[in-house]
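Sequences listed follow chains D and H, in order. Positions in the first sequence are counted from 1; adding 1289 to them yields the numbering used here. Positions in the second sequence are counted from 1; adding 1289 to them yields the numbering used here.
The hints are simulated quantities; they were obtained by calculation from the structure and are not laboratory data. There's no promise every hint is true.
Treat identical chains as interchangeable: a pair holds within one or across any two.
When the alpha-carbon atoms are kept at most 30 Å apart in a straight line, the in silico DSSO-like pairs for lysine-lysine are as follows [stated by the list, open to error]:
#	residue 1	residue 2
1	LYS1634	LYS1405
2	LYS1607	LYS1368
3	LYS1503	LYS1390
4	LYS1668	LYS1607
5	LYS1335	LYS1394
6	LYS1526	LYS1634
7	LYS1550	LYS1607
8	LYS1607	LYS1335
9	LYS1503	LYS1462
10	LYS1405	LYS1335
11	LYS1462	LYS1394
12	LYS1458	LYS1368
13	LYS1326	LYS1394
14	LYS1335	LYS1368
Note that the coordinates shown come from a computational prediction; the quantities given were computed from them, not determined experimentally.
Number of protein chains: 2
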Amino acid sequence: MLAEIITIGDEILIGQIVDTNSAWIAQQLNAIGVRVKQISSVSDSKEHILTALSEAKNRANIIIITGGLGPTKDDITKKTIAEYFNVGMVQNQQALDNVAKIFAKYNRPLLEVNIKQAEIPANCEVIVNHNGTAPGMWFNVDGKVYVSMPGVPHEMMYMVEESVIPKLKATFKLPVITHKTILTVGEGESFLAEKIADIEDSLPSHIKLAYLPKLGSVRLRLSAYGENEETLQQEIKLYADQIMMRVGRSVVTDVDVPIEKAILDEMADKGLTLSVAESCTGGYISHLFTQHAGSSQVFLGGAISYSYDLKESMLGVKNETLWSHGAVSEETVTEMVEGALINLKSDYAIAVTGVAGPGGGSDDKPVGTVWIAVANKNKTVARKFTFGKKRIQNIERTAITGMGMLINLLRENS
Amino acid sequence: MLAEIITIGDEILIGQIVDTNSAWIAQQLNAIGVRVKQISSVSDSKEHILTALSEAKNRANIIIITGGLGPTKDDITKKTIAEYFNVGMVQNQQALDNVAKIFAKYNRPLLEVNIKQAEIPANCEVIVNHNGTAPGMWFNVDGKVYVSMPGVPHEMMYMVEESVIPKLKATFKLPVITHKTILTVGEGESFLAEKIADIEDSLPSHIKLAYLPKLGSVRLRLSAYGENEETLQQEIKLYADQIMMRVGRSVVTDVDVPIEKAILDEMADKGLTLSVAESCTGGYISHLFTQHAGSSQVFLGGAISYSYDLKESMLGVKNETLWSHGAVSEETVTEMVEGALINLKSDYAIAVTGVAGPGGGSDDKPVGTVWIAVANKNKTVARKFTFGKKRIQNIERTAITGMGMLINLLRENS
Chain D
1290 MLAEIITIGD
1300 EILIGQIVDT
1310 NSAWIAQQLN
1320 AIGVRVKQIS
1330 SVSDSKEHIL
1340 TALSEAKNRA
1350 NIIIITGGLG
1360 PTKDDITKKT
1370 IAEYFNVGMV
1380 QNQQALDNVA
1390 KIFAKYNRPL
1400 LEVNIKQAEI
1410 PANCEVIVNH
1420 NGTAPGMWFN
1430 VDGKVYVSMP
1440 GVPHEMMYMV
1450 EESVIPKLKA
1460 TFKLPVITHK
1470 TILTVGEGES
1480 FLAEKIADIE
1490 DSLPSHIKLA
1500 YLPKLGSVRL
1510 RLSAYGENEE
1520 TLQQEIKLYA
1530 DQIMMRVGRS
1540 VVTDVDVPIE
1550 KAILDEMADK
1560 GLTLSVAESC
1570 TGGYISHLFT
1580 QHAGSSQVFL
1590 GGAISYSYDL
1600 KESMLGVKNE
1610 TLWSHGAVSE
1620 ETVTEMVEGA
1630 LINLKSDYAI
1640 AVTGVAGPGG
1650 GSDDKPVGTV
1660 WIAVANKNKT
1670 VARKFTFGKK
1680 RIQNIERTAI
1690 TGMGMLINLL
1700 RENS
Chain H
1290 MLAEIITIGD
1300 EILIGQIVDT
1310 NSAWIAQQLN
1320 AIGVRVKQIS
1330 SVSDSKEHIL
1340 TALSEAKNRA
1350 NIIIITGGLG
1360 PTKDDITKKT
1370 IAEYFNVGMV
1380 QNQQALDNVA
1390 KIFAKYNRPL
1400 LEVNIKQAEI
1410 PANCEVIVNH
1420 NGTAPGMWFN
1430 VDGKVYVSMP
1440 GVPHEMMYMV
1450 EESVIPKLKA
1460 TFKLPVITHK
1470 TILTVGEGES
1480 FLAEKIADIE
1490 DSLPSHIKLA
1500 YLPKLGSVRL
1510 RLSAYGENEE
1520 TLQQEIKLYA
1530 DQIMMRVGRS
1540 VVTDVDVPIE
1550 KAILDEMADK
1560 GLTLSVAESC
1570 TGGYISHLFT
1580 QHAGSSQVFL
1590 GGAISYSYDL
1600 KESMLGVKNE
1610 TLWSHGAVSE
1620 ETVTEMVEGA
1630 LINLKSDYAI
1640 AVTGVAGPGG
1650 GSDDKPVGTV
1660 WIAVANKNKT
1670 VARKFTFGKK
1680 RIQNIERTAI
1690 TGMGMLINLL
1700 RENS
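Just chain D, same shape as in the assembly (with noise of 0.2 Å):
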C-alpha cells in the first residue's frame, strides 16, 4: 500500500520552517505498513495544489494532506480540496462544536474566521481536532483515502494517533514492511561498506539495505517486504546479526534509537548515574539525553559553563589552570569532566570545551578544536579533535563524539 504525503504552505518552500511534520507521519504510516512514496511540498496555491493531488493519485492510494487550514486568509486547502472533488461547503456541527468549546475554554469571544472554520466539503467525514480549531477531514473517493489536517504539529500529531492510524487499518488490507537499523560510530559509510559487501550482495531482493551516514555516525537499515511479520522479523534478523558479527566494536545498538538513548538504556540497565558540563556545546548534549522519557533515571544534571567564572565556580576548574593553559585545552577538560562528577555526584560524567565559531579563533586553537573527556571514578580519558568552520555543526559533531566516547569506556567496564 502507497501513500504520498503533502505538505502545503508557503513557509517552507521559503525555508522559514523545515518540514518535520513529514518524517514523523511517515514513520507512523511504515509502522502500519503503509509505505510513502513521495512527499511534496507545495505552496498556497490553488492550481499548483491541484496539480500535486492529481499527481499523487497517481501514484499512490492514501494521499495525506497537511497544512493551509487556519483561519486566516493564505489558507485556503479546504476550498480547493472542495474543487478538486467538484463538491460543495457545508457546515458541520461537530465542528462547530469543537471549536465553540476550544473558545469557550479559553474565555475568548467566537470570531467569524473561527465559525468559518466549520465548514468542510460536504464529501467529508470530520476528523475532529482536540487541540485546535481547524477540523481535519476524511475523503474515501473510488477507493483512495485522502486526509487533511492542519500543519500544526501537535494538532496533527493527536489526529494521525488517534483517528487516521486507526481508520486506515479498517479501510484497507495492509501489508507488512520490517526495518531493522543497526547503529555504528567512529567508521565512515564507504569503510562498512567495504566490510559487509559479501552481505550485501546475498541479500534477497525483498530486502534492501541503507546506509544513513549522519556526522560521527552511520545507520545500517535493513527494510523487508513482504507478508508475514514474523518470518520477515527472523529473517532480517539473521543479516542483522551477520552484520554486526562483522562490523565489530563500531556498533552502538541494533535497536533503533538515537545514540543518547542507546546509552540511557544501557546505564539504567547498569543502575548508572551520569552529568555533563558543557562549555562549547552549550546545553545540547543535556537536551539531548533529557528529550527522552524516564532520562530522569540516569540523567542527574549538567553544568553549562560559558564563562570561566562558571567553570570554577560549578565545576571547580582552578583559576590557575584556565588561565595558564586556556578554557580549550586538556587540562581544563579534565578538570571539568573529573568536577562534574564530584560537584554533580554521578558515576559517569562528559565534559567539553571548545572554539564552536564562528569567533573565538586562534593560530593556536582555530575554530572548530574540541576538548572532549568522559570519565569514571577510575579512569578519565580526554581527547582532543578538530572539526569543521561551522557553529552547528560543530555542536552536534561535539555532542554524538562525546557520546561515542562514553559508549567506549562504559563498555570497557562491563
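Based on the hints, put chain H in the right spot on chain D.
Quick look at chain H alone, frame taken from chain D:
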C-alpha cells in the same frame, strides 16, 4: 525565476531523518531572488527519480537534487541522471584528485568504491566537494540548470555557498523577492488576523501576508515580488509598520530571527547578561541561546538541575522548600531563579520546573504542569502553566513561554 528541490533517499520517506536540507537551500535561493516552487522527496528508485526530474523540469528552470551520491549500492542518483540526459559516464580527474587528497589526509587506503565516485555523467561540470568524496555536478541543458549534490548537510552547504549560488547568479538574470517577518508572542493566529484584517485587505497583489504559528508564537510574514529591491523594501516596510502599530505589545521583533536571538540582540545592546536554571527543559533553553554565534556576550551559563540534590547544590534551593512544596512549585521556581541570579552572577535569569511527561504526573500536578520564573535584581515574576501531554512539545512550549516572559520583563525596565 523558479526552482524545485528534489531530495532522494528512502531514509526521508520512512521518516528516519528529517529533511533539513531543503529549508536551508530554499533560504539561500530566496536570498538571490529564486522562488522554490516545490520540494519533492522521492525514493532511491530509478523510475521514480526520472519521473520527478521530468515533472520538475516542467515547472522550474533550476532543479536542485540532493542525496543518493554516496559510495554504497543504494545510491543510484548519478547513473539515473546520466540516463535522464542520455549520456555515458566518464572518470573526472579533478574529482579523483579530491577523493585521493581526502583519503591521504586521513591516512586511509583508497577503495575501489571511492575511485568510482570520481565517475560522472559526461555532460556535467564538477562542483568540488571539499568535505567529502562525492563530487557535486552542474548541468546546463536547454537553458535549465540541474545541480546534483550529496545529501550530507555540511558537504552540501559548502557546495551551495561556494559554488552553486555564485554560478546561478552568473547564469540567470534574477528577479527580486523581499520578505519581512514580524515575530509575535502570546496571541493566537485568528486574533491577530481579526486585528489586522483591514490592513491585509489593503495589500497590493504583489505583496502577500502569511501567518506562521508555532507553539506559543506567530510569525507574520510579508513577501513582495518585483524588480527593484529598494522600492520593494520601502513598500513592505510601510505595511509592516502598520501591522506592528496595530498588534502592539505582542511584537517581539521585526527581524526574521528566532525569539532567543531577538533576546540576545536586545540584551547585548543593553550590556545585560543572562543565566538559566532548567529542570524540565533539561538544557533546551540554554541550547537555543548558545546555538547562536556571539551568545557568550550575554549568556553566562546554566544549571541543569534534574535531581533534588542539584537544585540545592547548584542553585541554593532550600531542602525544606523542595520537601514541603515539591520541585514543581512557585516556591521552588522562585528560589531557582533567584539562585541563578546569585550563583551564576547574571543580570537576568530564567528558571523552569515542571512535569514534562509522560511519567511523573499526579492528580495535583498532572503532566504538562510547569512553573516558569524570570527575574532581575529588582523583580521576580513566577507563573504557572498547564501545557499538554507530549514531552517534546512541553519542553518547547516551556522554552518559548519563558522567553516571552523574559521579553516582557526586559521591556518593563526600558
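(message) Of all the hints numbered above, which does this structure not satisfy? Sort the numbers upward.
(response) 1, 2, 5, 6, 7, 8, 9, 11 and 13
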